[in-house]
Amino acid sequence: MDTDLVIRAQRGDRDAFATLASARADRYLAVSRRILRDLALAEDATQQALLSIWRDLPQLRDPARFDAWSYRLLVHACYAEASRARQWSPNIRLLPADEPMEADAMDAVIDRDQLERGFRRLSIDHRTVVVLHHYLDMPLDAIADIVGTSVGTVSSRLHYAMRGLRAALDADARPVAREAAQ
Amino acid sequence: MSTDRDTTRIVRSWLREETRDDAERVLSEVLNALDTTPQRRSVWIQARRFFDMNSFARVASIAAVVVLGILGIYFLTRGPSAGIGTTASPTPTASPTPSPRPLPDALVPPAGDLEVGRHQLVLGGVPLTINITQPGWTSNGDFGMEKGQIDKVKAEDPDYRAFIFWLHSAADNVYSDPCARTLMDPAPDRTAAALAEAITQVPGLDVKEGPTAVTIGGRPAQYVAVRVRDDIPCAPNSFYLWADTDTPGDARYATEAPMIIYTWIIEADDQGTLVWIDGEVVEITSDAAPNELRQIVESIQFE
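Protein chains in written order, with our numbering: chain D, 1 to 182; chain L, 183 to 485.
These aren't lab readings, by the way, just hints derived from the structure by calculation. Take the hints with a grain of salt, since some may be wrong.
Heads up, incomplete: computed chain D residues facing chain L, CB under 7 Å, no partners named [unchecked claim]: (1) E43; (2) Y160; (3) L165.
Ideal Cβ placement from N, Cα and C applies to all residues, glycine included.
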């Protein structure tokens, strides 16, 4: 990571910030999209996080910790969006699929669908830990730093989340499809 | 029946499924908004740092980080290199100046460890000195100085972390709704007594001490200590405490909850100039940290 860019951005250099943000925005969107499971919410969270990063950057004491610090702001933004979305999130229900499918393809659809369902049932705390660990390959202590809790709590959340996803995968396999109700 | 390893493999594969994560539009909107989004710089600064000083001190049950943030009445305009040192080791002047130059609004010691001894500062255009009697203090050369000693006393959280932050601008109002960022209306008078009293009215704070009339450096002052409760209804960095409304965008928010904040508001002259000193300590099990903080503030001498 280019700490010089961070230092320049801390001093209000917009070009330096633009370089930093450009290199990371897609990844931030990918992370927030996986946590929130909604592109519009993820875009809002990413935008809010980037603005928070710009606004609070002078407060970052150690420029070398920029990435961990920026992920903390991104996670906070995701939490805020999840809270806001809870009030109007459409109900999702499952319907039997009409078309016959090959076994492998059907298994993949089942896995994806059941994972989606299982993941959506997880709390935002648990989703965040799963994404940071299994998508970004972050170690647990780094995740603890980002979400502001202990390694033990992160480990517990990860265990609980993976147990829930495993239960979702073990649910009775049947062809399903989703549609938003109303 | 899947195994744990199967589940991990499937979940990782699922998370890595290719999606179009193109943030170009978002990025464009953000960059366009920078001009109207001021950075929080050099005025109300929050910093964080871990300290793990002494493994032998685990049973000493001290977990404290003390922060001394000093607020002048005016906005800080100097850069990080503008610090001045201790009186014991003055920096030689490169060339004599033919006539006295006006004091800058603010100067703090240069970045690095602070020696025991008296140090010069200029805050809000007011020159003063503080006396440091114990080693371990560090100046960031820009907006504060700190001392940390963590003993991981929070048994339920072995990764216990302390925050520190410094304040560099005098507040002239407090928040009546910290999470909604609503200022008290009408604003308190710009006097030490009125502002100290207003601090006690901020929701989410428990008053620990004061407001009390004290004397700092021979000048009248007000002292108040508050605890940021751990059940505040929003994130600490969204929990706003007080603000300098003369400098839009400069507002003090909580570093952590719970946390204890000690504030001294000093009437630096008879013209209404205030010097605001804001110290912060994480929840502690001994009085060492706040006592040292008090000692430094009480050592202030105005020049």
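Hints, one by one, checked against the model:
1. E43: Because about 5 Å separates D:E43 from the closest Cβ in chain L, which is inside the 7 Å limit, the hint holds.
2. Y160: For D:Y160, the interface hint is violated, since the closest Cβ of chain L sits about 13 Å away, which is over 7 Å.
3. L165: Since the shortest Cβ distance to chain L is 6 Å, the answer is holds.
In the structure shown, a violation is registered for the earlier hint numbered 2 alone.
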